[in-house]
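Colleague: Listed here are the chains, written in short residue letters.
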Amino acid sequence: MNVNKSLLPLVNPLSKDNPVIVQVLGICSALAVTAKLEPALVMTISVTAVLALANVIISLLRNTIPTSIRIIVQLVVVAALVVIVDQVLKAWNYEVSKALSVFIGLIITNCIIMGRLEAFAMSNRPWASFLDGIGNGLGYGIILVIVAFFRELLGSGTLFGCQVIPQWCYEHGYQNNGMMILPPMALITVACIIWVHRSRNKDLQE
Amino acid sequence: MNRQSNTYTIIYSTVLVIVVGVVLSLVYQALRPQQLDNIANDTKRQILASARIVPQSGQTIADLYSSHIKDSYIVNSEGEKIDSDTDPFDVNVSLQIKKPADERLLPVFECDTDNGLKYIVPVYGAGLWGPIWGYLAFDSNGDTIYGAYFAHQGETPGLGAEIEKPAFSDQFEGKDIFSPSGEFMSVAVVKTGKEPAGQAWVHAVSGGTITSQGVQAMLYNSLEPYSAFFLKLKGDAKKDIADASDSKPNENAKATNEVELNEIEP
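Same order as they appear, the protein sequences are chains A and B.
The opening residue of the first sequence carries number 28 in the numbering used here; numbering runs sequentially from there.
The opening residue of the second sequence carries number 21 in the numbering used here; numbering runs sequentially from there.
Simulated from the structure, these hints should not be mistaken for lab results.
Be a bit skeptical, because a hint or two may be false.
[Unchecked claim] Distance condition first, Cα-Cα at most 30 Å in a straight line; then the derived DSS-like pairs of lysine-lysine:
#1 B/211 x B/101
#2 B/259 x A/125
#3 A/117 x B/185
#4 A/125 x B/101
#5 B/185 x B/258
#6 B/254 x A/125
#7 B/254 x B/118
#8 B/252 x A/125
#9 B/259 x B/119
#10 B/119 x B/254
#11 B/118 x A/117
#12 B/90 x B/101
#13 B/252 x A/229
None of these values were measured; they are calculated from a predicted model.
So here's chain A without its partners, still in its complex pose (with noise of 0.2 Å):
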């Protein structure tokens, strides 16, 4: 692909770089907030938000962080961020934060956060580290919003809350699937997206 090469923080992850299918990082997410659609948008959006903010701040204080705290710096501007976010969303959109509840929280343990602030912005200049934060959120969301896709429509027949096989279906015998709203099929959604994946980027292959 020709892509200018400043944009390569954002477009990589997407893809070929993509912290779930590629990196294995930030499976127990998404696990946890794939059984329904709306709280993997929200989740996404989220981790987007923190993700980007936490890369800026690290990345401006990169040349000040001793290094033997660092990952305790990382962890407690993370931390802040996400008590942030919590905070505003309670005050703001009290409807989405009851929705997310203890998702929110669960941002500070997403592997992906501390891999990206370790791996990118520890080393990188501000504007490059904003990228990255932007396209690895939108690489996890975009993984969280295809496993939750499948999992809501075959495990509960609804999309976003709205029922979308007919109810003729059902009429005629359809069930939906029980065993997809278990966590496990996350896992192996997630495993059919990777096999997807590799067989049609064999550079990946190993």
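Following the hints, complete the assembly by docking chain B onto the known chain A.
Modeller: Relative to chain A, chain B alone:
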């Protein structure tokens, strides 16, 4: 300055923590009033939802609440109203539930609906991942559930979290929490095929076994202290009917009893 020295590291972490602490407390202070409003509004919405009052477009929760909730008070486990400085609305049910039944403050909200006066009480318990809670609205006979609202903090979406859906909570309508002999039974939450005899039941959420069991335990634990209060309501309801049928003074007691029973049957 040497960035690897201990002094630098200690000063750096101290400054960082202070800055982050100040920022977080400023954010908290700035957003707190708005958040408290939201929480109070949300509690009002939940209370109203249990009596099946849902705001239409253009209606605010606060207006609806003040127009429907006519009275609220605190009772004890004897069913007597107690004077307390605490507003029933501000009673923290999660703390009350930890006390022995006879020391609990039990809030009751009287709600005026299109179908008559309803008594709304809060319930609180534990699901799989965290607290679950809700409100139950009772008919004025103190026995029959008029409507229910359940909420949770972090149950699994699609599984335990389904308790907040109408598909689950609507099942409670019309269930009696007392046996015909006046014994407190609560409502069982059971699998298909395991329906108990002699007790009102609803179907559990499939795949949400622990949450469903949590709902069952929550109902029993939270409603039991209210049983004296509900029995009084039940008694009052009977008395009203008895008074109404008392117009023929010479009628014998047995006949009056029969009238009572007939009228109480829904």
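Colleague: Quick check: which numbered hints come out false for this structure?
Modeller: As far as the earlier hints go, 1, 2, 4, 5, 6, 8, 9, 13 are violated by this structure, in ascending order.
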